[in-house]
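J.: What follows is each chain in one-letter form.
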Amino acid sequence: MKDDHSPHDLHPPKVEVEPLPGTIPPLDGTLDANDIHTPPEAAIGEADLRAAEDGEVIKGNSLWRDAWRRLLKNKLAVLGMIVVAIITVASLFGPLVIKMATGITPDYIPGDAYLLKSFPPFTAPDGSFSWRHPMGTDSQGRDLLARVLQGGQISLMVGIISTLVSFLIGVSYGAVAGYLGGRVDNLMMRLVDVLYSLPYIIIVIVLLAMFRSQTARGQLILLFVALGSVSWLTMARIVRGQVLSLKNQEFVLAARATGVSTPRIIFRHIVPNTLGPVIVYATLTIPTVMLSEAFLSFLGFGVQAPLASWGSLATDGIANIAIFPWQLIFPGVTMALTLFSLNFLGDGLRDALDPQMRKF
Amino acid sequence: MSNNGTLLSVRDLRTYFDTEDGTVKAVDGISFELKRGETLGIVGESGSGKSVTNLSIIRLIPSPPGRIVSGEVLLDGKDILKFSDEEVRKVRGRRIAMIFQDPMTSLNPFMKISRQLMEMTQLHLGHSRREAYEHAVGMLETVGIPDARSRIESYPHEFSGGMRQRVMIAMALSCRPELLIADEPTTALDVTIQAQILELIKQLKDDTGASVILITHDLGVVAGMTGRLIVMYAGKVFEQATTRELFDRPGNPYTKGLLRSVPDPTAEQGKLYQIPGLPPDVAHLPPGCPFAPRCERVEEICRREFPPFVALTPDHHSLCHFAQEVYDESARERDAKGIVG
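From first to last, the protein sequence lines are chains A and B. The first sequence begins at 1080 in my numbering and counts up one residue at a time. The second sequence begins at 4 in my numbering and counts up one residue at a time.
Accuracy of the hints is not assured; some may be wrong.
[What the hints assert, rightly or not] The calculated lysine to aspartate or glutamate pairs, modelled on DMTMM-like cross-linking and capped at a C-alpha distance of 20 angstroms, are:
1) Lys38(B) / Asp88(B)
2) Lys38(B) / Asp284(B)
3) Lys115(B) / Glu1329(A)
4) Lys1326(A) / Glu75(B)
5) Lys93(B) / Glu75(B)
6) Lys115(B) / Asp105(B)
7) Lys208(B) / Asp251(B)
8) Lys93(B) / Glu181(B)
9) Lys81(B) / Glu181(B)
10) Lys85(B) / Glu41(B)
11) Lys1326(A) / Asp105(B)
12) Lys115(B) / Asp1426(A)
[What the hints assert, rightly or not] Computed list of chain B residues with no C-beta within reach of chain A, every gap over 10 angstroms:
13) Asp15
14) Asp21
15) Gln104
16) Asp105
17) Glu122
These aren't lab readings, by the way, just hints derived from the structure by calculation. Even for Gly, the Cβ is constructed at its ideal location relative to N, Cα and C.
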């Protein structure tokens, strides 16, 4: 047999295979009650607990956790994160705290010696030192610190909500266009191109002027919608690009081969894979939108009194810049600080979520 | 219901791709039948149309540029190609499941193993979350993943290639499909893992009674696994026979070339045979036999006329002008060896 070169010697070498411990479980959903030791959630919790007890890290391995670790190594990003957190917390609770401490609300116009006079920081009406107004007062005698913090609420809200609007529209639009491809993609993206070519600030101004609302709150909502509806364009392009490269990956084919429906493939399988760049871009969109809001408020289209934003405060301050510089400086500096921090955070996130660094 | 135990019947399937270079006839008139519980091997070089054949069966051809021009794919007598999209989705994963070549990329990197496994049974069997979870754990145990209950909460990148392919198999088999299509399931794996995975597929196939289509370019893989073989070249079936007969007595020069190019450990050390030339450009096929430019026993007629599909025995077909001669020659070679041995 030594010389037997006949091909049926080609059988693969038999390798000892480990015995298969289980049998295929029943399909009809009838599970033996004894089979169910713990519900999934409990099982996860147990595993975590065991890991903690053993003092070794079994988990801590998801892609998000890796990214988080990398983000924490970036000092500038961490600093940005801290500053943003402080300003957010201060804006949320600051006005309340001030009111409880001194009884001053952001739109409280005093009837005494402070009335209709602007005092510099830490100054009482008689010119002596006072803790009452750390940022001074505005030209109507209102406490500037309270107003800056309340303005922060509005500015951050505009930034975050408009970014969310752009996130929702942009991600769905881009993902659908990218996944469907072909003519649909062409049509959808040409529409984006057309919208891109229009000067967006003019669109926003037209929108705001056309639907000008009587109430300050209505105007604010209009501002969210207007800013959000123009800032989704870049998001849509980013997501579409990502989806184009992802949809030809084998795991998408595998999902289709298991009978998963198209919407589910797009939003459950593909979109989570695009989230890295999307989060980075969203973080960088917040300061852009806030800047646009300030600009619009500056032009008189944005936030209406009695509400205030950093933009509208700065506008008020500009009028008196030569005599009462603190009216511009404090809102301006707070806003600049926030924008810087958000940008640093965004850059840090980009490095942390860089797809090149991902280990698959 | 059962047409003589035939599960899948592919008839004259043609899948073309429209490219700038012209129409690529990736699959051009493929026919075969698969009985319940049978394992069919499809062998061929890269680009011979084996994967496209199987993607066509469950209608996953990217379109455009691909289109299924003609043919029937009868699953239990019903033509899948005429199904609505909704009906096809119910077949995919439930009745016909696939395992892909590269386990590194065929699992979603952003989804936990548990969710990917649970999706299958929640979708097709209407399992609740808890049922699906327990079923998924059971499937992982079935495919031999140790400590399945804690491993199931991992992400794919925490698994090795062989483990991931086991997960893919668990996924594919979790709805007990009637047909499992394994598209080069071991190509991307280490040799030692290859045998384990093949053995696993074989064992699970025996347990569940599923039919299997095994696509590969490795004759060594199909030899021990399959009952029947199809050899594909340039989108056409070149030879079709039982595995034993095809190895024993090939009736096509291309098959002979493939068999000779498998390394033989018992042979004297020497140069490994290779079929000269490259697979043809399927967009611009010559009028005659597509294998003619590379064939050893090519004659004038091969370049001129497309060869006939000759029935050597009722169960053995070969696409060659000289099928009978090659077949007889193979028999003589085999007997000669037998005498020497």
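J.: What hints, given by number in increasing order, does this structure fail?
T.: Violated: hints 1, 2, 4, 7, 10, 12, 15, 16, 17.
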